[in-house]
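J.: Here is how the chains run, residue by residue.
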Amino acid sequence: MELLSNIFVTPFADMIGAPDFLMQVIWEGLVSGVLYALIALGFVLIFRSSRIFNFAQGIMVVFAALTLVGLHELGLPAWVAFAGTLAVMFVLAVVIERVVLRPLIGQPDIILFMATIGITLFLVGGGEIIFGGENKVMISDELGIPDGSYEFNPFDGFLLLEARDVTVVFGAVVMVAALLVFLTYSKMGRAIRALGDDSTAALSVGISLTTIWVLVWFMAGIIALMTGIAWGSRAGVSFALEIIALKALPVLMLGGLESITGAIVGGLMIGVLEKLFEIYWGQPLLGGSTEAWFAYVLALTVLLFRPQGLFGEKIIERV
Amino acid sequence: MLYRTAGQYKTTYRSDQALFPIRQDALLLGIILVLGWVVLPLTASEFVFQTLLIPVLIYALAATGLNLLTGYAGQLSLGTGAFMGVGAYACYKLVTIFPEMNLLISVLLSGVFSAGVGVMFGLPSLRIKGFYLAIATLAAQFFLVWLFEKWPWLYNYNASGAIQVPNVDMFGVWVAGPQATSTSQYYFVLIVVTVLTIVAINLTRGNMGRQWKAVRDMDIAAELIGINLLKTKLLAFAVSSYIIGVAGALFVFMWRGAAEPNLFDIELSFRVLFIAIIGGLGSILGNWLGAVLIVALPVILNTVPDWIGVDIKSATVEHINVMIIGALIVFFLIVEPHGLARLWQLIREKLIHWPFPY
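Sequence order for the protein chains is A and B.
Take the first sequence: its letters are residues 1 to 319, numbered as in my numbering.
Take the second sequence: its letters are residues 1 to 358, numbered as in my numbering.
In short, the hints are calculated from the structure, not lab data.
We put the CB at the ideal spot given by N, CA and C, even for glycine.
Quick list of in silico lysine to aspartate or glutamate cross-link-like pairs, DMTMM-like style, CA-CA up to 25 Å:
id, chain 1, residue 1, chain 2, residue 2
1, B, Lys213, A, Asp109
2, B, Lys150, A, Glu291
3, B, Lys129, A, Glu313
4, B, Lys129, A, Asp197
5, B, Lys150, B, Glu267
6, B, Lys10, B, Asp25
7, B, Lys93, B, Asp169
8, B, Lys313, A, Glu73
9, A, Lys314, A, Asp109
10, B, Lys231, A, Glu317
11, B, Lys213, A, Glu317
12, B, Lys313, A, Glu134
13, A, Lys187, A, Asp197
14, A, Lys136, A, Glu73
15, B, Lys313, B, Glu267
16, A, Lys314, B, Glu223
17, B, Lys150, A, Glu2
18, B, Lys150, A, Glu278
19, B, Lys129, B, Asp217
20, B, Lys129, A, Asp109
21, A, Lys314, B, Asp217
22, B, Lys231, B, Asp217
23, A, Lys314, A, Asp198
24, B, Lys313, A, Glu128
25, A, Lys136, B, Glu318
26, B, Lys129, A, Glu258
27, B, Lys129, A, Asp198
28, B, Lys350, B, Asp16
29, B, Lys129, A, Glu317
30, A, Lys136, A, Asp147
So these bits of chain B aren't anywhere near chain A, every CB distance computed over 10 Å:
id, residue
31, Ile22
32, Asp25
33, Leu42
34, Leu108
35, Leu109
36, Gly116
37, Tyr157
38, Asn158
39, Asn167
40, Leu190
One chain only, chain A, in its complex shape (with noise of 0.2 Å):
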């Protein structure tokens, strides 16, 4: 009956108990959730446009973190570095394109998966060897994002919403807009969804694969560095960053894999879920750390109902 309580009762009363506590708990996993549905973007870009399922999202994160750090450590002013992230991660998508995708195009999923497995790892080499393993300062005052916290005193309470995840949020939600906008109008844009939806038809009226996947992954690139500039902000620059891709398997999952709605929406998901069930539930009974799993149990959880995710195409299986 006592555990009943503690998992039925207790985390619900303590809710309604502290309800400005409950609204920092889900402002924090908002803001986490902002981060996951950014990475899960780059995913779906990619995936839509080439079946790629390109676990190489994390590191080029990190990447493009530490290229901006870097390239300002040189001595080149916030925004001349900004520029050259993006050269950098221009030529990136050019030579992943050119090295690997192309000699790999018509194979199975599950090599090209691993083809990425393969990029993520020479990036960690390299990364290493280049920008070196330690902890580094994102450059965010340069950027001129700004510092310091708003306080609300809701219900009699204290609310405490630091500036900088506030700019996160809404520049992650610009971001979004304006990537759809692209998607949906933009010549380009609409050739990225073409080849989505049907790649031989596409190519048949004169899409150009090779063009629209350097362009996919540049974008991919964009919203790296996007990423990495918001993460980097909260915790620093770090190789430790990688494992937020892991993360943002279950947001894709949970959401579909081709929606970019999906991602989004599967991204705050899970990041107040998983904060939520982490305070009310994680610490008090299971010993704490439950946002190891939690993403992938709610995710397999969706799953068995909804196999193609809440907003995935229905999958249509002939034989």
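Since chain A is already given, all that's left is putting chain B on it; use the hints.
T.: Here is chain B on its own, set in the frame of chain A:
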């Protein structure tokens, strides 16, 4: 010339279906077996045992387990590391609860536990397919490693949270723990690995293996011709996890000597997956070729700087190794996406008429 099969007539179906219908193959295997059972153990140094021979055997076994599931039955798994962990912890508990039990039995029994866990996490495979299934095994991966850390009973309430392999003897010879010699450990591993490999080869050639392949190629079509998907998929998970669990028990008891939960994290899963894929999915031979490559590569790369007389910091060497391994994975995938086993097949075909052009 070397692989000429002319003159090797088959007069019965039985001999045509034999495991090694070509005489040269049987001869080659015989040489490898003599090498593995007699020559290498007599000549190898401690260093070679610990960095090459024992890990190659154990990784090849783990990759065989994974390959049955991913290569033969077509179910992608990213949770190999955790299943190895289940085997290792089960073996540790068995050895500490029943200290007088023969270690061979404990190791073989520990696979049963990981098979059970594997079936549990394999259940979603009936509804979830392809990459989506990876999430089920990833859930297993992260949940189990978390459990290894948070469930003190598993490591007998040690203060360190790690498991230490006790001294275990079989028929008066120390086979596990600090007192065991590398030779006895090597033979122990070799016996288990040889038996399980033979079992795995025969499973894939038999009825079960054919059902797995049918499910891999198209599971709806397989169901239509009367294959029970539930039974086939779960059996694949069970057999695969059993072998992986035994490999995990050997991994800790015969090689590492001690284990912390994070030894079984996702990097181990990926390493085994690399071995299976670079070796060749759907090939038992491939696991061995892949294991030799992945285990030997870092060892060789570490000796190269000394060898050419360049003085590089060991941390840098480490990073360069990671880079080279990443590049090699991509390289091998581009050269031969079907893995080293397929490469060997091509070489063999060339050798049939080598050195003549036709």
